[in-house]
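Participant: As a plain string of letters, each chain reads:
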Amino acid sequence: MADDMKKKIFVVDDDVMNRKLSVDLLELHGMCAVTAQSGQELLQMLKTETPDLILMDINLPDMDGFELFKAVRAKEKSRSVKVIAWTALAMREEQEKIRAAGFDRCIIKPIETKKFVQEVRDLLAA
Amino acid sequence: MTRQVAVFKVRGFTIGGKLILLSSLFAIALTYVVTYTVTTMQTQAEDAQMIKAGGELRFLVQKMSKEAHALRSGDLGRIPVLENLMSVYAASLADLKIHVSRIESATSFKAEARIQCDEISARWEDLRKRFMDLMRQMPEVHLALEDLAGRIPLVSRLFSRLIEGMGAGWLGAEDIAFASELDALGQRIAKAAFAYWGGDDGARQELAELNQLVSEIITGLLNGSEELGLEGVESPAVRQQLEEIREAYRPISQDVDLILSRVPEVRSAAGSVSRLNAQILEKINRLTDQLTQEAVAKIDTMIHNEWVVLGWVLLLGMLASLLVARRITGPLGAVVGAARRVGAGDLEARARLSSKDELGLLGASFNEMAQNLSDSQQHLKLAKEAAEAASKSKSEFLSHMSHELRTPLNSVIGFSEILRDESFGALNPKQKEYVTDVLESGRHLLSLINDILDLAKVEAGKLELELEEVNVREVVESAITIIKERALKQGLKLSASIADSVGGLRADKRKLKQILFNLLSNATKFTPEGGRISIEAGQRDTGTVIFSVRDTGIGIEEKDRHKVFAEFEQIDSAYSRKYAGTGLGMPLAKKLVELHGGELWFESEGKDKGTCFSFALPVKGPAGANKGEVSRGIEALVEAGPLPHTGRGNRILVIEDDPKAAKLISALLSKAGYQVQVAQDGVKGFDLAKKARPDLVTLDVMLPKKDGWEVLTELKKDQTTQAIPVLMISTMGDRTRSRALGAADTLTKPVSKNDLLREVHRALGEPCKKAA
Chain A
98 MADDMKKKIF
108 VVDDDVMNRK
118 LSVDLLELHG
128 MCAVTAQSGQ
138 ELLQMLKTET
148 PDLILMDINL
158 PDMDGFELFK
168 AVRAKEKSRS
178 VKVIAWTALA
188 MREEQEKIRA
198 AGFDRCIIKP
208 IETKKFVQEV
218 RDLLAA
Chain B
1146 MTRQVAVFKV
1156 RGFTIGGKLI
1166 LLSSLFAIAL
1176 TYVVTYTVTT
1186 MQTQAEDAQM
1196 IKAGGELRFL
1206 VQKMSKEAHA
1216 LRSGDLGRIP
1226 VLENLMSVYA
1236 ASLADLKIHV
1246 SRIESATSFK
1256 AEARIQCDEI
1266 SARWEDLRKR
1276 FMDLMRQMPE
1286 VHLALEDLAG
1296 RIPLVSRLFS
1306 RLIEGMGAGW
1316 LGAEDIAFAS
1326 ELDALGQRIA
1336 KAAFAYWGGD
1346 DGARQELAEL
1356 NQLVSEIITG
1366 LLNGSEELGL
1376 EGVESPAVRQ
1386 QLEEIREAYR
1396 PISQDVDLIL
1406 SRVPEVRSAA
1416 GSVSRLNAQI
1426 LEKINRLTDQ
1436 LTQEAVAKID
1446 TMIHNEWVVL
1456 GWVLLLGMLA
1466 SLLVARRITG
1476 PLGAVVGAAR
1486 RVGAGDLEAR
1496 ARLSSKDELG
1506 LLGASFNEMA
1516 QNLSDSQQHL
1526 KLAKEAAEAA
1536 SKSKSEFLSH
1546 MSHELRTPLN
1556 SVIGFSEILR
1566 DESFGALNPK
1576 QKEYVTDVLE
1586 SGRHLLSLIN
1596 DILDLAKVEA
1606 GKLELELEEV
1616 NVREVVESAI
1626 TIIKERALKQ
1636 GLKLSASIAD
1646 SVGGLRADKR
1656 KLKQILFNLL
1666 SNATKFTPEG
1676 GRISIEAGQR
1686 DTGTVIFSVR
1696 DTGIGIEEKD
1706 RHKVFAEFEQ
1716 IDSAYSRKYA
1726 GTGLGMPLAK
1736 KLVELHGGEL
1746 WFESEGKDKG
1756 TCFSFALPVK
1766 GPAGANKGEV
1776 SRGIEALVEA
1786 GPLPHTGRGN
1796 RILVIEDDPK
1806 AAKLISALLS
1816 KAGYQVQVAQ
1826 DGVKGFDLAK
1836 KARPDLVTLD
1846 VMLPKKDGWE
1856 VLTELKKDQT
1866 TQAIPVLMIS
1876 TMGDRTRSRA
1886 LGAADTLTKP
1896 VSKNDLLREV
1906 HRALGEPCKK
1916 AA
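Respectively, the protein sequence lines represent chains A and B.
Take any residue in the first sequence, count from 1 to its spot, add 97: that is its number in the numbering used here.
Take any residue in the second sequence, count from 1 to its spot, add 1145: that is its number in the numbering used here.
Check before you lean on any hint, since a few could be wrong.
With a Cα cut of at most 30 Å, we get these calculated DSS-like pairs of lysine-lysine [stated by the list, open to error]:
(1) A:Lys-211 with B:Lys-1629
(2) B:Lys-1537 with A:Lys-212
(3) B:Lys-1835 with A:Lys-212
(4) A:Lys-194 with B:Lys-1537
Counterexamples of contact, computed for chain A against chain B with all Cβ distances above 12 Å [claimed, not checked]:
(5) Arg-116
(6) Ile-208
(7) Ala-223
Cβ pair distances, simulated, as ranges [stated by the list, open to error]:
(8) A:Glu-193 with B:Asp-1566: 50 to 60 Å
(9) B:Gln-1516 with A:Asp-159: 21 to 31 Å
(10) A:Asp-159 with B:Glu-1549: 35 to 45 Å
(11) A:Ala-223 with B:Ser-1519: 35 to 45 Å
(12) B:Lys-1808 with A:Asp-159: 30 to 40 Å
(13) B:Lys-1638 with A:Lys-174: 40 to 50 Å
(14) B:Lys-1638 with A:Glu-193: 38 to 48 Å
(15) B:Glu-1549 with A:Glu-193: 43 to 53 Å
(16) A:Met-160 with B:Glu-1541: 44 to 54 Å
(17) B:Gly-1490 with A:Ala-223: 32 to 42 Å
In short, the hints are calculated from the structure, not lab data.
For clarity, every value in this text was computed on a predicted model and none was experimentally measured.
Idealized CB from N, CA, C, for every residue including glycine.
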């Protein structure tokens, strides 16, 4: 993938390890990842920049992923940005809730690295 | 929950009383109306009689008047008729008087009627006298007339002889003229007398004058009369004859005098009779008119009164019925209304009743019932809320656990994969081996977490099946695909055979796949290289599909059978390392099968002779609703339990006073293959332990006669029993105290099957190793 075509991805996750893992994986596969620790931080970032995709954890300290997702969709700039829920919420009810909220994809932690990268690429290409 | 039992008593008028009162009122009113009507009819009859009597009287008077008239005309034959009429009249008058005296109303009419009656009576007295006079005088006059008429010819003859004699010259011409006149005068007197009697008053004068004239002429002929111009007769013969004539005429003259004096009297009497008659008639007419009017008025009044009474009775009756009906239907309506509201779900609805009769009682009972209903509903609601809260916190805990475990595992697995893939540079063989180990451990940990959560969900009743029509072949093939790689890696042969008769069944596709995968995975784990694994699906009958997974693996020995479905169990610790697994696969598979309303079992001929796990599922899916199946599944767990345990050390004494708890514990232990004896108090328990020397004792703390702590102390003191392991079962879970007194372990009530069996195994020193 050409550098000038590098896709920019915002990752919001309160777990430092998971932030690191996602950034390393995405950059390893030629994408540009920027992280945020909280919902507010992501919203701040969205004021100045519009990414190609957001990887969004659901259990966040200041607001949950559902609220954050709504806030992202409510903003003119980020209305059409693709959002992947990436979460350790694996129970069926939780999955149903995520599906109902309207996320573009959902990736459950723990990930399989190859599948993870594939999902992200697929969505970016879509 | 205890209920107050209210005792209700009827106070005051019962409904029966009210109804009796009401019917009495009606009966009285009806009696009154009937009596009144009868009285009215009687009165009417009496009035009619009275009017009839009046009419009769009038008829009699009219008749008498006619008869009297006839009598006056000289018909003496009327006298007996009149006499008869008079007596009838007297009787009728007496009748009328009686009727009048009976007139009930104290009105002016009564007084007037009496007066009229009295007057009629008085007039009647007069009339009667007059009639008597008339009847007496009439014959006298008649006799005189007849006498008169008889004598006149005689006198005439005498005159004729006289006149003949006069022809001889005894008389002068004058005398002869008078004599001749005398003869004619006799005729005229008779005529006048009859005319007078016949009513010609003008004849009276004539009669009197003629009578006078005849007497004067006779006297004049005898003695001479200047007035008449007679000189008087001298001839003795003529005088003789004239004397005879005078004598003969004298009775006639007397008759004439009688007629003249009597006829006016008769006339007056007859006049009185007809006047009185007319008066009486008038009075009677007035009386009968009045009577009729009065009777009509009375009847009108009576009819009017009857209507009024009837109206009042009806009105009062209606009011009374309305009142009673309201007393009955009002409370009834209140109860019905309240019942309807309660029925519609408003449990606070109450029947508001003040009456103290049966309905009041009904209302009070209804209210009591509604209160009880409301109370129990409240209790149920609280219990439900508590249960929901517990369930919610349980599922929240599970959800939280899952999340918190997965989050770090994500980095473990993710980073290991990146390292293993050598994305950031090549690793030396040792490094690669370790990283692979880390990755494997991470993945193992993940599958453990998944299995634990699934099991926990089953236990919590949280695992719900998503039932759909599942194609058996598709599911089997998909399960094989997952295990294929691993089997091939281990050098195992995999084969599948699905009977043509098998089509689809109603099940949770994901769970069915999981069951098959767990069985295949289990077979893979315990089958050495070069072995064979086959999966079969067939139909036992039209309603059941049977799946079997057969391997040529290590088999299961008789003594290990009960461990197969125990959680975290693997048959031998030695295998644990060799055959990595969570130890949760088989228990979970069994529970999932049971959740589907099916059963799972296995057959093995023994060590190294392979094993065949089979399960049967109903084609139509689990009976009943989806949610019901969860609890059914759990029940099934308790019911089925592990397979019979055989071997040494299987006699257990259960010391427990609560019959339910004793029954549950002994059922669980019996199912697990133990021989169970129960003692219901501390003294019996200790004695039995000493006598029977069981391999294990479970001991409740709260016991009659001798509590659990004492029993434990004694058991541990006594040489014959001190070696027997004791499991304390208490509500408090005093682990420290029981350890100190020498108990093997302590279980907290309520005792779950798994806890109980695990502790029993452990206490009996049976192998109990957790998977790595």
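Participant: Next step is simple, just say for each hint if it's right about the structure.
Facilitator: Structure-based check of all given hints:
This hinted pair checks out: Lys-211 (chain A) and Lys-1629 (chain B) have alpha carbons roughly 21 Å apart, not beyond 30 Å. Under the criterion of a C-alpha separation no larger than 30 Å, the hint pairing Lys-1537 (chain B) with Lys-212 (chain A) is inconsistent with the structure, at around 33 Å. In summary, the hint linking Lys-1835 (chain B) to Lys-212 (chain A) is not supported, as the alpha carbons are separated by about 66 Å, beyond the 30 Å threshold. A threshold of 30 Å between alpha carbons decides the hint, and for Lys-194 (chain A) with Lys-1537 (chain B) the separation of about 17 Å falls inside it, so the pair holds.
Not every CB of chain B lies more than 12 Å from the CB of Arg-116 (chain A), the least distance being 10 Å, so the non-interface label is violated. Not every C-beta of chain B lies more than 12 Å from that of Ile-208 (chain A), the closest at about 6 Å, which undercuts listing it as non-interface. With a closest Cβ-Cβ approach of about 24 Å to chain B, Ala-223 (chain A) is found to remain outside the 12 Å limit, as its non-interface label requires. The hint said 50 to 60 Å for the Cβ distance between Glu-193 (chain A) and Asp-1566 (chain B), and at roughly 33 Å that hint is violated.
For the hinted restraint 21 to 31 Å between Gln-1516 (chain B) and Asp-159 (chain A), the CB-CB distance of approximately 50 Å leaves it violated. Distance hint for Asp-159 (chain A) and Glu-1549 (chain B): a CB-CB separation of about 19 Å, inconsistent with the stated range 35 to 45 Å. In this structure the supplied range 35 to 45 Å is violated for Ala-223 (chain A) paired with Ser-1519 (chain B), their Cβ-Cβ distance being about 59 Å. The beta-carbon spacing between Lys-1808 (chain B) and Asp-159 (chain A), approximately 55 Å, falls outside the hinted interval of 30 to 40 Å.
Between Lys-1638 (chain B) and Lys-174 (chain A) the beta carbon distance is about 60 Å. The supplied range of 40 to 50 Å is therefore violated. Between Lys-1638 (chain B) and Glu-193 (chain A) the C-beta distance comes to about 41 Å, which sits within the given range of 38 to 48 Å. Between Glu-1549 (chain B) and Glu-193 (chain A) the beta carbon distance is about 21 Å. The supplied range of 43 to 53 Å is therefore violated. A beta carbon spacing of about 19 Å between Met-160 (chain A) and Glu-1541 (chain B) contradicts the range 44 to 54 Å that was offered as a hint.
Between Gly-1490 (chain B) and Ala-223 (chain A), the C-beta spacing of about 52 Å breaks the proposed range 32 to 42 Å.
In terms of the numbered hints stated before, the structure departs from hints 2, 3, 5, 6, 8, 9, 10, 11, 12, 13, 15, 16 and 17, listed from lowest to highest.
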